[in-house]
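Enquirer: Residue numbers (our numbering), protein chains in the order written: chain G, 60 to 452; chain R, 354 to 453; chain L, 467 to 656.
In case anyone wonders, no lab produced these hints; they're calculated from the structure.
Keep in mind that the hints are not guaranteed to be accurate.
[What the hints assert, rightly or not] Below, a sample of chain L positions facing chain G; criterion: calculated Cβ distance under 7 Å:
id	residue
1	Ala491
2	Thr497
3	Val501
4	Tyr600
5	Ser631
6	His632
7	Ser636
[Said to hold, decoys possible] Straight-line alpha carbon distances no greater than 30 Å define the calculated BS3-like cross-link-like pairs of lysine-lysine that follow:
id	chain 1	residue 1	chain 2	residue 2
8	L	Lys558	L	Lys633
9	L	Lys633	G	Lys247
10	R	Lys401	G	Lys216
11	G	Lys281	R	Lys440
12	R	Lys440	R	Lys401
13	G	Lys345	G	Lys433
A virtual CB, placed ideally from N, CA and C, is assigned to each residue, including glycine.
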Amino acid sequence: MAKRDRLSGNEAVAIALRQINPDVFPAFPITPSTEIPQYFASFVANGQVDTEFIPVESEHSSMSAAIGASAAGARSLTATSSCGLAYMWEELYIAASNRLPLALALVNRALSGPININCDHSDSMGARDSGWIQMYAENNQEAYDNMVQAYRISEHKDVRLPIMICQDGFITSHAVENIELLEDREVKKFVGEYCPENYLLNPECPMAVGPYSITDYYMEAKRNQAEGMKHVSQVVLDVAKEFSSISGRSYGLFEEYRMEDAERAVVMIGSAAGTTKDAIDRLREKGEKVGLIKIRLYRPFPASEIAEALRNVKAVAVMDRAEGYTNQGGPLGADVMSALYRARGNALAVNYIYGLGGRDVRVEDMEGVFEALKQIMEEGDAGETYRYLGLRE
Amino acid sequence: MAMDVTKLGVKAKWKELTEGMIIAGAGTSKAFNTGEWSTDKPEFIEDKCKQCLLCVPVCPDSCIPVIDMKRGAFDYDHCKGCGICVKACPFGAITMEGVR
Amino acid sequence: MSNLTEIRWHGRGGQGAKTAALLLADVAFQTGKYVQGFPEYGPERMGAPITAYNRISDTVIRTHSNIYDPEYVVVVDESLLEAADVTAGLRKEGAILINTSRRKEEILPHLKGYEGRVYTIDAHKVSMEAMGKYFPNTPLLAAIVKVTGLMDEETFLREMKASFSHKFASKPEVIEGNMAALEMAFKEVQ
Chain G
60 MAKRDRLSGN EAVAIALRQI NPDVFPAFPI TPSTEIPQYF ASFVANGQVD
110 TEFIPVESEH SSMSAAIGAS AAGARSLTAT SSCGLAYMWE ELYIAASNRL
160 PLALALVNRA LSGPININCD HSDSMGARDS GWIQMYAENN QEAYDNMVQA
210 YRISEHKDVR LPIMICQDGF ITSHAVENIE LLEDREVKKF VGEYCPENYL
260 LNPECPMAVG PYSITDYYME AKRNQAEGMK HVSQVVLDVA KEFSSISGRS
310 YGLFEEYRME DAERAVVMIG SAAGTTKDAI DRLREKGEKV GLIKIRLYRP
360 FPASEIAEAL RNVKAVAVMD RAEGYTNQGG PLGADVMSAL YRARGNALAV
410 NYIYGLGGRD VRVEDMEGVF EALKQIMEEG DAGETYRYLG LRE
Chain R
354 MAMDVTKLGV KAKWKELTEG MIIAGAGTSK AFNTGEWSTD KPEFIEDKCK
404 QCLLCVPVCP DSCIPVIDMK RGAFDYDHCK GCGICVKACP FGAITMEGVR
Chain L
467 MSNLTEIRWH GRGGQGAKTA ALLLADVAFQ TGKYVQGFPE YGPERMGAPI
517 TAYNRISDTV IRTHSNIYDP EYVVVVDESL LEAADVTAGL RKEGAILINT
567 SRRKEEILPH LKGYEGRVYT IDAHKVSMEA MGKYFPNTPL LAAIVKVTGL
617 MDEETFLREM KASFSHKFAS KPEVIEGNMA ALEMAFKEVQ
């Protein structure tokens with residue numbers, strides 16, 4: 060039985076974590092993710108969870124402790140943002156390469172500099188090649204739902220990889236919006252017990268974690284790791300299907316919004332997708348065939364599925380909330396364009412950098428993007444493919 | 354999947370490695386003959402040995418077995434020739450080239 | 467989305483503009499609405515001008531941008547009439563609510579020719595009389611509910627009482643003072 064509520068994205072994720080009741084939560088605060096461990100600490104103090112909550116001295120330590128706990132056989136996680144994630148860099152790769160299932164509640168915030176506390180995706184985009192599964196949310200509901208599904212994906216025997224559940228700093232993390240929560244027992248049952256096959260605290264079978272791999276083994280080890288990633292998409296879909304049966308909310312690898320006959324499309328990640336939907340509805344009322352692909356699963360990247368979804372689209376704008384400094388655009392742009400190339404797609408594609416450091420994105424901005432796509436379609440030429448949106452020029 | 358250490362070697366294919374390269378199970382180092390990493394080895398002169406067993410605990414590779422309260426022959430499959438046992442022996446019962 | 471109400475709050479850090487926006491979202495949610503309440507963060511320090519926003523609607527709210535052409539504006543600190551462009555984009559069929567002890571006529575020259583309705587309330591007086599402390603956001607919350615007509619007074623007071631009773635279960639005197647401030651503000655807004 061769903062429970063209607065109104066919560067900020069941070070509260071929503073904290074409540075999902077209370078319902079999951081993980082074993083170990085090491086935490087170090089950083090804006091705008093601080094509220095997650097803050098709310099969670101009150102659940103610990105109130106005895107609503109029996110999680111071992113460890114205040115540590117840095118993000119390097121919080122991720123190290125989460126990794127250690129996971130290796131020991133515990134269900135663990137931490138939360139962070141921006142420079143906190145950057146400070147975990149070394150550990151991110153260790154968690155993934157050791158095939159340790161654990162979660163990171165990431166609240167996206169721009170990386171310095173200039174120093175800035177607001178939303179963009181430069182923090183998590185930099186971690187896109189670390190071997191973590193990455194999932195993004197449009198709003199508090201999706202952040203909550205993704206968190207509830209996280210461990211089922213991460214701990215799946217075919218996957219066993221850490222998972223990053225991302226939401227937009229302040230825009231969703233600090234905005235109170237309507238939400239439907241699941242009952243505690245429903246979440247508990249859905250998430251289930253964590254029963255690792257091997258773990259450090261198993262006296263029956265001692266284990267070594269993270270052995271040195273010389274050149275003779277390193278490449279085989281990395282290929283072996285990639286195999287886990289190959290199973291993620293199917294597991295994400297299976298878990299989503301089961302989640303739908305308890306929540307009534309459907310999820311895929313990405314969401315297609317009014318794409319059925321779309322000639323022009325936007326591909327994007329995060330909270331601005333909601334704004335884009337309102338822009339699309341306005342334009343659809345005028346008879347314009349426009350649509351949206353909102354990425355939910357970014358790592359691994361559902362390239363062929365996205366290329367298929369864009370098959371009949373004539374012009375597409377890929378929106379990056381992070382710079383790539385390739386002189387070509389951002390990371391999502393590169394991923395989508397290479398997907399189109401491999402699928403021999405015909406869509407004319409451009410890549411926009413937008414929303415850096417919390418720069419606001421309005422419905423009118425997105426209408427402007429669709430207008431630019433119209434021109435591209437009419438001229439049959441994408442023109443400059445590396446563009447900025449909402450920049451003072 | 355648990356590691357079958359006998360398969361681990363430079364010919365192991367990527368599918369034969371464990372997930373995350375974890376090694377589940379104790380004592381797997383026995384399966385690796387790391388003794389070949391060095392050519393200099395200590396030599397045991399049994400006549401001089403008083404069975405004080407001082408050499409046993411100092412060996413970093415546990416290469417000095419104790420059987421029936423008596424020290425046995427060196428396990429050269431795992432001895433890396435560090436020479437610590439030579440230094441530990443008060444009776445000159447262990448010798449090694451270059452170690453005094 | 468014709469039923470959408472958009473409100474912008476102008477305050478200074480520490481005055482509770484964000485809290486007021488969240489409380490308004492809260493009480494509107496209790497009456498079955500879809501809501502958004504969110505702050506725009508600049509430098510996080512006491513006294514710095516801050517903005518907070520509300521969207522309240524009968525249908526799902528998806529837009530995640532700030533509000534540029536609000537129907538209503540609430541000015542929590544009247545010094546912001548000079549420091550911020552409080553009437554920017556404000557729709558003339560809407561209204562502005564200002565916390566001030568001054569008469570409306572004295573305020574009008576600071577509103578850059580705004581043609582819509584102008585309301586004032588002396589939140590300082592209300593707050594001090596009802597609670598003995600200066601929390602401008604409580605009276606302003608009641609005042610904006612009255613100005614917008616989002617819900618009737620009875621519903622509003624009932625929902626707020628329920629909300630306060632939940633939040634301050636161990637401090638009944640806080641509930642009493644806040645409720646008195648809300649009731650008084652409903653009468654005082656002009």
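Enquirer: Run every hint past the structure and note whether it holds.
Expert: Outcome of the hint check:
Given hint, Ala491 of chain L at the interface with chain G, holds; its Cβ is 5 Å from that chain's nearest Cβ, closer than 7 Å. Below 7 Å, beta-carbon pairs count as interface contacts, and Thr497 of chain L has none with chain G, the closest being about 12 Å; its hint is therefore violated. Hint status for Val501 of chain L relative to chain G: holds, with the closest Cβ pair at about 6 Å, below 7 Å. The closest approach between the C-beta of Tyr600 of chain L and any C-beta of chain G is roughly 25 Å, which is over the 7 Å cut-off, so the hint fails.
Look at Ser631 of chain L: its Cβ only gets to about 17 Å from chain G, farther than 7 Å, so that hint breaks. Restraint check, His632 of chain L versus chain G: the minimum CB separation of about 13 Å is more than 7 Å; hint violated. At about 14 Å, the closest approach between the beta carbon of Ser636 of chain L and any beta carbon in chain G exceeds 7 Å, and the interface hint on this residue is violated. Distance hint between Lys558 of chain L and Lys633 of chain L is unfulfilled; the C-alpha atoms sit about 37 Å from each other, more than 30 Å.
With a C-alpha separation of about 27 Å, the suggested pairing of Lys633 of chain L with Lys247 of chain G holds against the 30 Å cut-off. For the proposed pair Lys401 of chain R and Lys216 of chain G, the alpha carbon gap of about 58 Å is over 30 Å, so the pair is violated. Distance restraint check for Lys281 of chain G and Lys440 of chain R: the Cα-Cα separation of roughly 43 Å exceeds the 30 Å cut-off, and the hinted pair is therefore not satisfied. Between the alpha carbons of Lys440 of chain R and Lys401 of chain R the distance comes to roughly 15 Å, so the proposed pair stays at or under 30 Å and holds.
Taking the CA atoms of Lys345 of chain G and Lys433 of chain G, the gap is near 14 Å; set against the 30 Å cutoff, the hint holds.
Checked against the numbered hints listed earlier, the structure breaks hints 2, 4, 5, 6, 7, 8, 10, 11; every other hint is satisfied.
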